[in-house]
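With the hints as your guide, set chains B, C and D with the ligands onto chain A.
The chain contents come next:
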Amino acid sequence: MKKVDMSINLGGLQLKNPVMPASGTFDLFEDNNLPYDTKVLGAVMTKSIFLKKRLGNPLPLICESTSGLINALGTPGEGVEYLIKNKLPIFRKANQTVIVSIGGDGVKEYKLLAERLDKVEGIAALELDLSCSNNVDNIIIARDEFLTEQTVAQVKEVSTKPIIAKLSANVTDITKIARAAQRGGVDILSLINTVSAMAIDIKTKKAVLGNKVGGLSGPAIKPIALKMVWDVAHTVDLPIIGIGGISNSEDAIEFLLAGASAVEVGTAALINPLVMLEIIQGIEKYLGQQGYSSLEEIIGLA
Amino acid sequence: MKKVDMSINLGGLQLKNPVMPASGTFDLFEDNNLPYDTKVLGAVMTKSIFLKKRLGNPLPLICESTSGLINALGTPGEGVEYLIKNKLPIFRKANQTVIVSIGGDGVKEYKLLAERLDKVEGIAALELDLSCSNNVDNIIIARDEFLTEQTVAQVKEVSTKPIIAKLSANVTDITKIARAAQRGGVDILSLINTVSAMAIDIKTKKAVLGNKVGGLSGPAIKPIALKMVWDVAHTVDLPIIGIGGISNSEDAIEFLLAGASAVEVGTAALINPLVMLEIIQGIEKYLGQQGYSSLEEIIGLA
Amino acid sequence: MKGAKLIQVYAKVLNQTEIITNHFILRIFSPEIVKKAIPGQFIMLSAWKQKDPLLRRPFTFNRLFPKEGSFEILYKKVGKGTEIMSYLKAGDQVSLLGPLGNGIKFPQNTKKIAIVCRGIGVAPMLAIIDKAKEKGIDIYAYISAATKDLLLVKKEIKQKAKSLYITTDDASLGTSGKVTDFLEKTLKDTKIDAVYTCGSKRLKRHIERLKELYGLNAWVILEEHMACGFGACKGCACKAKKDNNHKGKYFLVCKDGPVFPIDEVEV
Amino acid sequence: MKGAKLIQVYAKVLNQTEIITNHFILRIFSPEIVKKAIPGQFIMLSAWKQKDPLLRRPFTFNRLFPKEGSFEILYKKVGKGTEIMSYLKAGDQVSLLGPLGNGIKFPQNTKKIAIVCRGIGVAPMLAIIDKAKEKGIDIYAYISAATKDLLLVKKEIKQKAKSLYITTDDASLGTSGKVTDFLEKTLKDTKIDAVYTCGSKRLKRHIERLKELYGLNAWVILEEHMACGFGACKGCACKAKKDNNHKGKYFLVCKDGPVFPIDEVEV
Ligand SMILES: Cc1cc2nc3c(=O)[nH]c(=O)nc-3n(C[C@H](O)[C@H](O)[C@H](O)COP(=O)(O)OP(=O)(O)OC[C@H]3O[C@@H](n4cnc5c(N)ncnc54)[C@H](O)[C@@H]3O)c2cc1C
Ligand SMILES: Cc1cc2nc3c(=O)[nH]c(=O)nc-3n(C[C@H](O)[C@H](O)[C@H](O)COP(=O)(O)OP(=O)(O)OC[C@H]3O[C@@H](n4cnc5c(N)ncnc54)[C@H](O)[C@@H]3O)c2cc1C
Ligand SMILES: Cc1cc2nc3c(=O)[nH]c(=O)nc-3n(C[C@H](O)[C@H](O)[C@H](O)COP(=O)(O)O)c2cc1C
Ligand SMILES: Cc1cc2nc3c(=O)[nH]c(=O)nc-3n(C[C@H](O)[C@H](O)[C@H](O)COP(=O)(O)O)c2cc1C
Ligand code: FES
Ligand code: FES
Chain A
862 MKKVDMSINL
872 GGLQLKNPVM
882 PASGTFDLFE
892 DNNLPYDTKV
902 LGAVMTKSIF
912 LKKRLGNPLP
922 LICESTSGLI
932 NALGTPGEGV
942 EYLIKNKLPI
952 FRKANQTVIV
962 SIGGDGVKEY
972 KLLAERLDKV
982 EGIAALELDL
992 SCSNNVDNII
1002 IARDEFLTEQ
1012 TVAQVKEVST
1022 KPIIAKLSAN
1032 VTDITKIARA
1042 AQRGGVDILS
1052 LINTVSAMAI
1062 DIKTKKAVLG
1072 NKVGGLSGPA
1082 IKPIALKMVW
1092 DVAHTVDLPI
1102 IGIGGISNSE
1112 DAIEFLLAGA
1122 SAVEVGTAAL
1132 INPLVMLEII
1142 QGIEKYLGQQ
1152 GYSSLEEIIG
1162 LA
Chain B
862 MKKVDMSINL
872 GGLQLKNPVM
882 PASGTFDLFE
892 DNNLPYDTKV
902 LGAVMTKSIF
912 LKKRLGNPLP
922 LICESTSGLI
932 NALGTPGEGV
942 EYLIKNKLPI
952 FRKANQTVIV
962 SIGGDGVKEY
972 KLLAERLDKV
982 EGIAALELDL
992 SCSNNVDNII
1002 IARDEFLTEQ
1012 TVAQVKEVST
1022 KPIIAKLSAN
1032 VTDITKIARA
1042 AQRGGVDILS
1052 LINTVSAMAI
1062 DIKTKKAVLG
1072 NKVGGLSGPA
1082 IKPIALKMVW
1092 DVAHTVDLPI
1102 IGIGGISNSE
1112 DAIEFLLAGA
1122 SAVEVGTAAL
1132 INPLVMLEII
1142 QGIEKYLGQQ
1152 GYSSLEEIIG
1162 LA
Chain C
3 MKGAKLIQVY
13 AKVLNQTEII
23 TNHFILRIFS
33 PEIVKKAIPG
43 QFIMLSAWKQ
53 KDPLLRRPFT
63 FNRLFPKEGS
73 FEILYKKVGK
83 GTEIMSYLKA
93 GDQVSLLGPL
103 GNGIKFPQNT
113 KKIAIVCRGI
123 GVAPMLAIID
133 KAKEKGIDIY
143 AYISAATKDL
153 LLVKKEIKQK
163 AKSLYITTDD
173 ASLGTSGKVT
183 DFLEKTLKDT
193 KIDAVYTCGS
203 KRLKRHIERL
213 KELYGLNAWV
223 ILEEHMACGF
233 GACKGCACKA
243 KKDNNHKGKY
253 FLVCKDGPVF
263 PIDEVEV
Chain D
3 MKGAKLIQVY
13 AKVLNQTEII
23 TNHFILRIFS
33 PEIVKKAIPG
43 QFIMLSAWKQ
53 KDPLLRRPFT
63 FNRLFPKEGS
73 FEILYKKVGK
83 GTEIMSYLKA
93 GDQVSLLGPL
103 GNGIKFPQNT
113 KKIAIVCRGI
123 GVAPMLAIID
133 KAKEKGIDIY
143 AYISAATKDL
153 LLVKKEIKQK
163 AKSLYITTDD
173 ASLGTSGKVT
183 DFLEKTLKDT
193 KIDAVYTCGS
203 KRLKRHIERL
213 KELYGLNAWV
223 ILEEHMACGF
233 GACKGCACKA
243 KKDNNHKGKY
253 FLVCKDGPVF
263 PIDEVEV
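Sequences listed follow chains A, B, C and D, in order.
The numbering of the first sequence is the numbering used here, which starts it at 862 and goes up by one.
The numbering of the second sequence is the numbering used here, which starts it at 862 and goes up by one.
The numbering of the third sequence is the numbering used here, which starts it at 3 and goes up by one.
The numbering of the fourth sequence is the numbering used here, which starts it at 3 and goes up by one.
Okay, chain A solo, but in the shape it has when bound (with noise of 0.2 Å):
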């Protein structure tokens, strides 16, 4: 079988291959011990950083519902200076593309982090979490399209790396959030993040999560979010990154086929550590078989 370019540009982020982690699903600590070399991977990412420290939701933190997982994390973390300091090394050693996730409580603080980080080395891209479910303490940016414009255009005029926005299921025309964001100059688009969920335990009669309600992701996920890619790469001319249950390199490559240009697992990762690696070669081997020479032969044909 002949080689597969299996390398993509994506709005000037350039991967050697389409599948990262999704933000929050993944962190490197200094012994590094996954059961593989993470050098492999097209980028890795980290957990949507906010400026400040963040304690993050009461507990419990999660649950699982049929087939998926519903978390209420509420995006707990040591802020944007811990990030660089301890974070971002072992980051960069674990690989060549180092995506940073940032959150904020507002436009200004998306800005203010964009502006830090502009100034460090060794980021790839930035992408902007817009649509946490989970976070009682701020609005869903990616739910109102001005706001999505907006924090998306602060971002642009500090930075000089190419912007992801992250965009939410929870909207009525997630098209119209999606050219919102290309009005500010967005470069790539990624979707979904958690769909909004809860779970309730019938032996208390309260809500499972200490938040009372999270965002489900995980395979149950996986029908919405390739729609909702269908739906965008059917209207807006921008790279996207498909996410939601990606569990295999079937999935993956759904989303590929519905528009997607690069790929984020997230939940599978929490269950098979090993799973973006077979998702990497089972996209290689199945490009191969249909007698593709390159991944981008295949994005959008569906």
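The set of hints was computed from the structure by calculation and includes no laboratory data.
Here the structure is a predicted model, which is why all the values come from computation and not from measurement.
Be aware that a few hints might be false.
Computed cross-link-like contacts, BS3-like style, restricted to lysine-lysine with a CA-CA straight-line distance of at most 30 Å [as the list claims (entries may be wrong)]:
| # | chain 1 | residue 1 | chain 2 | residue 2 |
| --- | --- | --- | --- | --- |
| 1 | D | K251 | A | K954 |
| 2 | C | K91 | D | K51 |
| 3 | B | K948 | C | K38 |
| 4 | C | K133 | C | K157 |
| 5 | A | K1064 | B | K877 |
Relative to chain A, chains B, C and D with the ligands alone:
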């Protein structure tokens, strides 16, 4: 264990218990051969009927996703006159409480249908399907506040029956749509309909369904539906029928605790036709064990 | 099945054999269902408790053993449901819903029938053959497959049929021609009262042509993706043939079929 | 486990016993994992291929058999994951990820340790006891349960411990008092170098008090809902104790624990 009162009054619609089929997932024929007596149900519910005969979408119409079912039927049916003549007598024989679900291409058709059905005996309530996610030819009314309010108001003008508005999960803020329906004068809300979704066949590189996109139902969407019921129950003072992935009595109880006064069961009853009977018995047992004497006591407890 | 109540039961697996790679015969004990079953009907089966896979899977009766209270299905492993089934062994439990759909009916005074099938399409045929034998009806069998090994239950059919005609695409057994050419030859000098086919659009087309030429009674046994199997979801629609006065009509394969007069449905 | 690579393997079940109703000991062959495992660590296990249940389930090592290349887990059937596990039998395969978290470490020159646990909280204790025996350390065991039958692996502990104190809520064996009262009595005349507890908030609280009174080294083995088990999801956070200078700090049970100095964490 003492006998518990399972009855419930939903804005004028009196049910002997809170469990009924979801529209489009239940049908009765001359030779009603279901393995239980449908008289035990809180109500029976027809598939959404249009004024005229509809062929529905191109084949295939359904496919499975992880813990979900995607359908793109396009609401085929013989039209309202056929329903009145051929189906209604069968439904009336099967249960004392018959709810007719109606669909329409635009506000006017809902009104015409409601007018026609108001003259027909033996219909306890109408459910307005404002939210089918796979009819190519008609817009989704429940994605728009104005259209929702208008449709309900027009129907209320001509109908003397309790009106249920069935809402869509594919909206930015379902409580706004719920309030719009309330402004229109609706008596009851039901939610959610299927969630917009799709699947792609990586062998043919085409959408699996004839209509390309469809609607996701089943256990996969349960946490999403529960969250929406919770949201609406906390903002709008109207009785709610909870729908979405309910597969056993525990699921049904979660919806009741979240604030639903009744539930509809769809996909689960396709797999296990006895499931509604099991759910009724399960709720009754739970209420007894927990020391309640009526269903109403647990509604909205969470 | 007018009026007969659907049965939903847990049933025990008696045994399972992999007859050739990825093709299995599963024998299940369920007197309630066998008692009512008619060849051509089917069951919805689940061998999983959790919600992935979600839906039951439809399988036709391969053989019915009313005396033993058991039946067999013949299936091919193609996806996650049939993969789970392939691990079933004696003593395991499956959940069944059935019998579903309309089975076959021989026209009055039937003396000779033909069965025409390809590959896994043979699944409902042994039950039909057994029924015919019981009634003293002669069976003419026409079976085709990609290759010799995929001529499933060939031996059993050979034992019971008056004549057996075989074609394989690679000519590994029989010729590589159209198996319906053999049927046409038979029709030239023999009156066949009913023809049953399953498993191939092409076979259906050829038999429709023969029907027109020879005025046959012919039925096709269809498959369509099914969520419920009992008429509730409308997911298994198939188009009625337009030139048959059924303009714009759909049938439900599960409820109106799966056995259809061959010229009434499009596939 | 600094630097040690995580291992993800399919492993064979050697056998499984239901020791009392709903409580099982499962023995698994996995030399790779046993070789690296330390008492107090855990594995994430999956005995399902489909996506329902979705996540692996965490289990601590009940006993390690490095020579045989196998280990045992002791678990209680509480939900759908453990129900599926309860059907496992010799020869079946499970998928494992591990060893995970930080195991126990005896302080230097440890002569005597105490284990204090309740119910299924005994799960990690036998492995700790075995390790202690290996090093010639004396074990004082304090176990409690709702009733006699729920004093799991009591016999094994009795064999290996220098003394064993038992309480049951219904006084079906031992007294119905607090098992930590026995510990306190021991502490009055015996120097215990390390105390390990698991399975009960109340026990933890009592031991914290004793720590203050007697200056103990004490550790608690925590449980929290886990999605990954290896520090990726941050779902298993537990609060650090405020009065311990950790204001507003969270630990990850999977990565920073599950063994914690008893006064560093809130539960
Ligand atoms: C009335 C009826 C009787 C049948 N009898 C038999 C039989 O006796 N023996 C046999 O081997 N098969 C039979 N089938 C087909 C059988 O139901 C499917 O092969 C089975 O459902 C696939 O399940 P799976 O989970 O293994 O595959 P999936 O993972 O669900 O899908 C794998 C492949 O099978 C196709 N498929 C899935 N469901 C169906 C379906 N309901 N009908 C047709 N194709 C499907 C999918 O499109 C896909 O290509 C019958 C189907 C019908 C409708
Ligand atoms: C590090 C660690 C080690 C553990 N070791 C053991 C052990 O050796 N033996 C043993 O019997 N159990 C142990 N547990 C608990 C065990 O993981 C859970 O009982 C199991 O995951 C339940 O799975 P289930 O699918 O059967 O239950 P589910 O259906 O998922 O849930 C049933 C009940 O179990 C609770 N539960 C679910 N997951 C967890 C979890 N991760 N931690 C605690 N409670 C949970 C749920 O809240 C619910 O009340 C351990 C947990 C952790 C975190
Ligand atoms: C435990 C957990 C934590 C997450 N944290 C973040 C986050 O910090 N920022 C973010 O943008 N998305 C976060 N997400 C969402 C994922 O990045 C992803 O969009 C979502 O999980 C859907 O993908 P999946 O189904 O592959 O998991 C988180 C998801 C999970 C499960
Ligand atoms: C096959 C199928 C057909 C449906 N047809 C209709 C319909 O005609 N009208 C309607 O309002 N909802 C229809 N629905 C949606 C259901 O009524 C219900 O809202 C949805 O399936 C979620 O519930 P469930 O998860 O219990 O199935 C249909 C769903 C399915 C699966
Ligand atoms: S399979 Fe549901 S109607 Fe035929
Ligand atoms: S379980 Fe995922 S971080 Fe601990």
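Hints versus structure:
1. Using a Cα cut-off of 30 Å, the hinted pair D/K251 and A/K954 holds, with the two alpha carbons roughly 27 Å apart.
2. Restraint check for C/K91 and D/K51: satisfied, since their Cα atoms lie roughly 18 Å apart, inside the 30 Å limit.
3. Of the supplied pair hints, the one linking B/K948 and C/K38 holds, its CA atoms being roughly 27 Å apart against a limit of 30 Å.
4. For the hint linking C/K133 to C/K157, the alpha-carbon distance of about 18 Å falls within 30 Å, and the restraint holds.
5. In summary, the hint linking A/K1064 to B/K877 is supported, as the alpha carbons are separated by about 25 Å, within the 30 Å threshold.
Going down the numbered hints, you'll see the structure goes against none, and every one checks out.
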